[in-house]
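Starting from the known structure of chain A, fit chain B onto it as the hints suggest.
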Amino acid sequence: MTVDRIRFDGQITRRNFLKWTAGAAAATYLLGEPRLLANPAPAAPAPRADCCVLLWMAGGMAAPETFDPKRYAPFAKGLPASEILSTFPAIDTVLPGVKISQGLENIAQVLDRGTLIRSHVLPDLGHILHSRHQYHWHTGYVPPQTVAAPHMGAWMARLLGPRNPAIPPFIVIGQRLEGIGEKEELKAFHTGGFLGAEYDPFLIPYPEQALEAVQPPRGMTPSRFESRYQYYRKLAELDPRYKDASDFHRTSILRAMENAHRLLSSPQRRAFDISEEPKSVYEKYNTGRFGLGCLLARRLVEAGARFIEVSTEYVPFEGWDTHENGHVRYAKMKELIDRPIAQFILDLEERGLLDRTLVIVASEFSRDMLIEGVPGSNARDQSRAPADKMEEMIHYGLHRHFTGSSSVLLFGGGIRRGVVFGESAPERPCLAIKDPIGVTDLHATIYTAMGISPQTAMEVERRPFYVTQDGKGRPEMRLFA
Amino acid sequence: MHVTMITSRCLVGAAVCRTLLLLGTLGFLLGGPPLAFAGPTTDANSESGATRVDFVHEIAPVIQKRCGECHVGQRAEAGLSFNTRQSLLKAEVIVIGHPEESELIRRISSDDPDERMPPKGPPLDPETIEKFKLWIAQGAPWEEGYTLNPQDNHAEPPLKLADVAVPPAGDGLTHPIDRLVREYFRAHNIAFPQVVDDQTFLRRVGFDLVGLPPTPGEVAEFRADPAPDKRDRWVRRLLDDRTAYADHWMSFWNDLLRNDYTGTGYIDGGRKQISAWLYTALYNNMPYDEFVRELVAPSSPESEGFMRGIKWRGNVNASQRVELQFAQTTSQVFLGINMKCASCHDSFIDRWKLTDAYGLAAIVAEEPLEIHRCDKPTGQIAQPHFLYPELGDIDANQPPKERLKEYARLLTVADNGRTSRTIVNRIWHRLMGRGLVHPVDMMSQPAWSPELLDYLARYLVDHKWDLKELIYHICTSRIYQAVCDESVTPGEEKYVFRGPLPRRITAEQFCDTVWRLTGSSPAKPAFNPPVPERKADFVRASLTVADAFQMALGRPQRDVVVSTRPEVITTLQALNLSIGPRLHQDLEAGARNLIQKFADKPADDLVRHIYLMTLTREPTAEEKQVLKSVLDIESLDVPTQSLEASHVEDLLWMIVMLPEFQTIR
Numbered sequence: 099m100t101v102d103r104i105r106f107d108g109q110i111t112r113r114n115f116l117k118w119t120a121g122a123a124a125a126t127y128l129l130g131e132p133r134l135l136a137n138p139a140p141a142a143p144a145p146r147a148d149c150c151v152l153l154w155m156a157g158g159m160a161a162p163e164t165f166d167p168k169r170y171a172p173f174a175k176g177l178p179a180s181e182i183l184s185t186f187p188a189i190d191t192v193l194p195g196v197k198i199s200q201g202l203e204n205i206a207q208v209l210d211r212g213t214l215i216r217s218h219v220l221p222d223l224g225h226i227l228h229s230r231h232q233y234h235w236h237t238g239y240v241p242p243q244t245v246a247a248p249h250m251g252a253w254m255a256r257l258l259g260p261r262n263p264a265i266p267p268f269i270v271i272g273q274r275l276e277g278i279g280e281k282e283e284l285k286a287f288h289t290g291g292f293l294g295a296e297y298d299p300f301l302i303p304y305p306e307q308a309l310e311a312v313q314p315p316r317g318m319t320p321s322r323f324e325s326r327y328q329y330y331r332k333l334a335e336l337d338p339r340y341k342d343a344s345d346f347h348r349t350s351i352l353r354a355m356e357n358a359h360r361l362l363s364s365p366q367r368r369a370f371d372i373s374e375e376p377k378s379v380y381e382k383y384n385t386g387r388f389g390l391g392c393l394l395a396r397r398l399v400e401a402g403a404r405f406i407e408v409s410t411e412y413v414p415f416e417g418w419d420t421h422e423n424g425h426v427r428y429a430k431m432k433e434l435i436d437r438p439i440a441q442f443i444l445d446l447e448e449r450g451l452l453d454r455t456l457v458i459v460a461s462e463f464s465r466d467m468l469i470e471g472v473p474g475s476n477a478r479d480q481s482r483a484p485a486d487k488m489e490e491m492i493h494y495g496l497h498r499h500f501t502g503s504s505s506v507l508l509f510g511g512g513i514r515r516g517v518v519f520g521e522s523a524p525e526r527p528c529l530a531i532k533d534p535i536g537v538t539d540l541h542a543t544i545y546t547a548m549g550i551s552p553q554t555a556m557e558v559e560r561r562p563f564y565v566t567q568d569g570k571g572r573p574e575m576r577l578f579a
Numbered sequence: 015m016h017v018t019m020i021t022s023r024c025l026v027g028a029a030v031c032r033t034l035l036l037l038g039t040l041g042f043l044l045g046g047p048p049l050a051f052a053g054p055t056t057d058a059n060s061e062s063g064a065t066r067v068d069f070v071h072e073i074a075p076v077i078q079k080r081c082g083e084c085h086v087g088q089r090a091e092a093g094l095s096f097n098t099r100q101s102l103l104k105a106e107v108i109v110i111g112h113p114e115e116s117e118l119i120r121r122i123s124s125d126d127p128d129e130r131m132p133p134k135g136p137p138l139d140p141e142t143i144e145k146f147k148l149w150i151a152q153g154a155p156w157e158e159g160y161t162l163n164p165q166d167n168h169a170e171p172p173l174k175l176a177d178v179a180v181p182p183a184g185d186g187l188t189h190p191i192d193r194l195v196r197e198y199f200r201a202h203n204i205a206f207p208q209v210v211d212d213q214t215f216l217r218r219v220g221f222d223l224v225g226l227p228p229t230p231g232e233v234a235e236f237r238a239d240p241a242p243d244k245r246d247r248w249v250r251r252l253l254d255d256r257t258a259y260a261d262h263w264m265s266f267w268n269d270l271l272r273n274d275y276t277g278t279g280y281i282d283g284g285r286k287q288i289s290a291w292l293y294t295a296l297y298n299n300m301p302y303d304e305f306v307r308e309l310v311a312p313s314s315p316e317s318e319g320f321m322r323g324i325k326w327r328g329n330v331n332a333s334q335r336v337e338l339q340f341a342q343t344t345s346q347v348f349l350g351i352n353m354k355c356a357s358c359h360d361s362f363i364d365r366w367k368l369t370d371a372y373g374l375a376a377i378v379a380e381e382p383l384e385i386h387r388c389d390k391p392t393g394q395i396a397q398p399h400f401l402y403p404e405l406g407d408i409d410a411n412q413p414p415k416e417r418l419k420e421y422a423r424l425l426t427v428a429d430n431g432r433t434s435r436t437i438v439n440r441i442w443h444r445l446m447g448r449g450l451v452h453p454v455d456m457m458s459q460p461a462w463s464p465e466l467l468d469y470l471a472r473y474l475v476d477h478k479w480d481l482k483e484l485i486y487h488i489c490t491s492r493i494y495q496a497v498c499d500e501s502v503t504p505g506e507e508k509y510v511f512r513g514p515l516p517r518r519i520t521a522e523q524f525c526d527t528v529w530r531l532t533g534s535s536p537a538k539p540a541f542n543p544p545v546p547e548r549k550a551d552f553v554r555a556s557l558t559v560a561d562a563f564q565m566a567l568g569r570p571q572r573d574v575v576v577s578t579r580p581e582v583i584t585t586l587q588a589l590n591l592s593i594g595p596r597l598h599q600d601l602e603a604g605a606r607n608l609i610q611k612f613a614d615k616p617a618d619d620l621v622r623h624i625y626l627m628t629l630t631r632e633p634t635a636e637e638k639q640v641l642k643s644v645l646d647i648e649s650l651d652v653p654t655q656s657l658e659a660s661h662v663e664d665l666l667w668m669i670v671m672l673p674e675f676q677t678i679r
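From first to last, the protein sequence lines are chains A and B. Take the first sequence: its letters are residues 99 to 579, numbered as in this note's numbering. Take the second sequence: its letters are residues 15 to 679, numbered as in this note's numbering.
Isolated chain A (complex conformation):
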């Protein structure tokens, strides 16, 4: 039996069938492995979101310097490190009594659109390696695993399918996987894993070059590109072995090429072109690569992507990964994210999309001036700054990886508005002291918002593999409106 026959049974004819994954999804499904096992209905309330955007603060964003400010101690030579919890003063937000860190003035004004979680706890995996924790955060499983665990976006692409057949369902913006440190580890979770390559991310490392990912190679005119494809089809039809017949491989290759060609000639690919934005809008977002990534993400949400991650990009010792000079760097990082994130939320709201889009701002762990991991951890101290007192400005900042509490922002998608959830201790160690929520339950909440039960499982190698770790995730229902 050919793919066509099964797939296009009934009224669905090949002509009107248009689906991003059509090429191989059909085949994957025919292969029977991995197949969907348990797929219980998600918990109430009814899911509101059909699109998910993860704004990833790569490198371990210090909560006390961003969304969970603590006692501020300005830099002074000789200041004991133990007296410093935050290196920035706190500012007011639109929510009465809720303060966040200086430098996030724009986000402060949109906090009424979502929930700020201050009690996200991460495991201390011993040696605090960013990519390992990122793997855990993105897949729900601690590496290594015996099978390749899929990225959260791959699960959504697999379980929910594309939202618009002409737009890849799973897109990652702003993260390179080549030419940087820990790239193999990064590749290990930027993947469809055992779900198959069909669910791999569509990678756009540079948002301003996104269009190049969906247009003919540089130097190739549209007419040349089109005629190349048309002649290709002609040659494929002339294959002397296939005057009429078809077979699995031939069908699958031709269909995948057709899908690719359709996307490449579709007017919808203009969604990838951020230069089409009015200059004023472009400039609102343009704080750098991350800001433009948010702009691209907004266009892709509108166009119909299913899951988008925009990363500040993980490169060892860059971005949020401050092992020294943290204060200075954080001022810049906040400048990078503040305007675009706020604008992104406002734009979605203005377009009536915020309600059906779940936006998450998260990081693999937080930071602290003194504690590596959690109190009593045997993880090696990786800070380059002294742990006793401040001598130079580069010592001033949160340089140690702290896993005891971190901050997450959730917007839209049926999440409560204008709420702070959980709390971390006001004094060191700033552990979560109220409503701690780990990755497994946070993921359960995210999946539930998307209409996916946390107990959904696929069979791989005859074993069940669940979207949340071993199917144990329980959604935090208090986060929903």
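In short, the hints are calculated from the structure, not lab data. Glycine is no exception: its CB is placed at the ideal position from the N, C-alpha and C atoms. Check before you lean on any hint, since a few could be wrong.
What the hints assert, rightly or not - No more than 30 Å apart at the CA atoms, straight line, and that leaves these computed lysine-lysine pairs for DSSO-like:
1) A:Lys570 - B:Lys390
2) A:Lys285 - B:Lys286
3) B:Lys419 - B:Lys367
As the list claims (entries may be wrong) - Restraint-style ranges between C-beta atoms, simulated for each label pair:
4) A:Ser321 - B:Glu197: 55 to 61 Å
5) B:Glu235 - A:Gln328: 33 to 39 Å
6) B:Ala613 - A:Ser364: 37 to 43 Å
7) A:Ser325 - B:Pro315: 34 to 40 Å
Claimed, not checked - Some chain A residues well away from chain B (every beta-carbon gap over 12 Å; in silico):
8) Ser229
9) Pro299
10) Gly386
11) Glu489
12) Ile492
13) Arg526
14) Ala530
Chain B only, in chain A's frame:
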């Protein structure tokens, strides 16, 4: 309508899943919200917020342990069998959705010792009883196809290889493999397929043995040979090309032994390459039994990377300690056993126990190894133990090095048919498109011809575990040289063997063929084989680092064992092939190189060369008409140097995108 189907989908078979998928698809087409998998529900039980009961991990083990003696497998006391969901429902002891009306619940909660189940041992604890209630209330979900009956998981074939009597020759079939296949065909009423023509044979065997199709010169040479046994000699000639053979088979073994030139764990010494050892072993055609022994009990540090596994920084799950990795990788690669389940708890899908996984792990452990069940310590210390004690066992008093040697010996003793069957099946899969046992890592499953499998395994052992001899033997059979069976969709469950299956070329075969044609191979390999007399014309893809392009074509990230690559091309991959800069650059450079090479020769020579180097055939007259349009010329007699480079580049692209190019037939 959808709600009903969702809540009932566990109850029924694949047919419903398929309907759901189609409905879901229809939903997208109609522009509605995603339906089947995302719809809201009226299921009261999930609204209560109770966690879904995990049948496989919470219910099945209790049944197995407390009810199994009388109600699982052959036993069905009082007509109740827990073997399958169906058999359970037949006994009418549960009312789906209504625990309070279910006899099962009444009996397990009863205080009356005559009524209470299980009759022996303490009653089930209240927490477990609650789980059962919840499970029934939630519709008694049962993983599709899951069975508690060990017999349903097929009796494993006896460890020892059978003495297979090869049927007599007939119908012109003299090769022992063909005689065995003929027997199978007879039983299945299938005619022996025709043998392919020379060009198809040369292309297939070239890709299979050395990873490249033949050059036009080789084709001409073969055609000119009048000898009747020229195909046999061609197979031998390819196998004798030690460089090309090793270059090609590196990819297969790198996948299987999760060896690569960069990757997770290499940064901080958590992992060691075996590339130099592996290449040399392939180049010298090391006998497979020795090969296994060197990987399991290395006589030099060169080959120890495989058994040492990957040590990740920081804390890892107990089931992923390097000792457990050793248990998993050695049993998977050499014996086709999945020990991953049993690394956490007794397996639910086959007969392997937690103590079996830890028994293997303890062989390599330098320190006493505490058994962990589902990541929790049990207080028990693992004892070194081999999976098939009938062959012998491991002496716990020996030091690790000696224990490893003993394990390696037990893996490769003549009476251990599992090791030889497993590798023979892997090779058959590579050459024929599907294993005699399939999937290839589930060697407890029956082969479609157990006789042929055991015959081949015996052949390998009798030929001193010489893999090239095995490959020669298979490739000189008529069934290897038969026309492909086009009727099969890869992975189809009901499989009848009718002949070799078409296969998608690998990333490396794609790159090598393109690079040889266009001269755009990288200047340097990532790994330089330590064989001075090696003769290579160009840098083969198997020796380069997996870039985004190769990975897009299915070359895996080698942090887990990979025994089978995907057969299908995805839309993302097709996008990469359509606009990816890497291929574009290679073809751009290739077009220039070819124009220079063919300079004043007619364009006809160029297109024939391209076809022969990729498709192993000449273009037809009809195709030449299209090619003229592609090249924008009136006649193919014009000199090549007058062609536009961009036209030649486009032509190259079209050819390498053809299903005909990307498939081995």
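Hint-by-hint comparison with the structure:
With a CA separation close to 16 Å, the supplied pair Lys570 (chain A) and Lys390 (chain B) stays within the 30 Å bound. For a cut-off of 30 Å, the pair hint linking Lys285 (chain A) to Lys286 (chain B) stands: about 19 Å separates their Cα positions. Taking the CA atoms of Lys419 (chain B) and Lys367 (chain B), the gap is near 23 Å; set against the 30 Å cutoff, the hint holds. About 59 Å separates the C-beta atoms of Ser321 (chain A) and Glu197 (chain B), a value consistent with the hinted range of 55 to 61 Å.
Between Glu235 (chain B) and Gln328 (chain A), the C-beta spacing of about 38 Å keeps the proposed range 33 to 39 Å intact. Against the hinted window of 37 to 43 Å, the Cβ-Cβ separation of Ala613 (chain B) and Ser364 (chain A) comes to about 41 Å, which satisfies the hint. For the pair Ser325 (chain A) and Pro315 (chain B), the supplied restraint of 34 to 40 Å is violated, since their beta-carbon distance comes to about 57 Å. With a cut of 12 Å on Cβ distances, Ser229 (chain A) falls inside the contact zone with chain B, its closest approach being about 9 Å.
Remark: the non-interface label on Pro299 (chain A) conflicts with the geometry, its nearest Cβ contact in chain B lying 9 Å away (cut-off 12 Å). Distance check for Gly386 (chain A) against chain B: the nearest CB is about 24 Å away, which clears 12 Å, and the non-interface claim stands. Annotated as non-interface, Glu489 (chain A) keeps its C-beta farther than 12 Å from every C-beta of chain B; the closest such distance is 31 Å. The Cβ of Ile492 (chain A) lies farther than 12 Å from every Cβ of chain B, with a closest approach of about 26 Å, so its non-interface assignment holds.
In this structure Arg526 (chain A) is separated from chain B by more than 12 Å, as the shortest Cβ-Cβ distance comes to about 23 Å. Its beta-carbon lying about 20 Å from the closest one in chain B, Ala530 (chain A) satisfies the requirement of being farther than 12 Å from that chain.
Violated hints for the displayed structure, listed by number in ascending order: 7, 8, 9.
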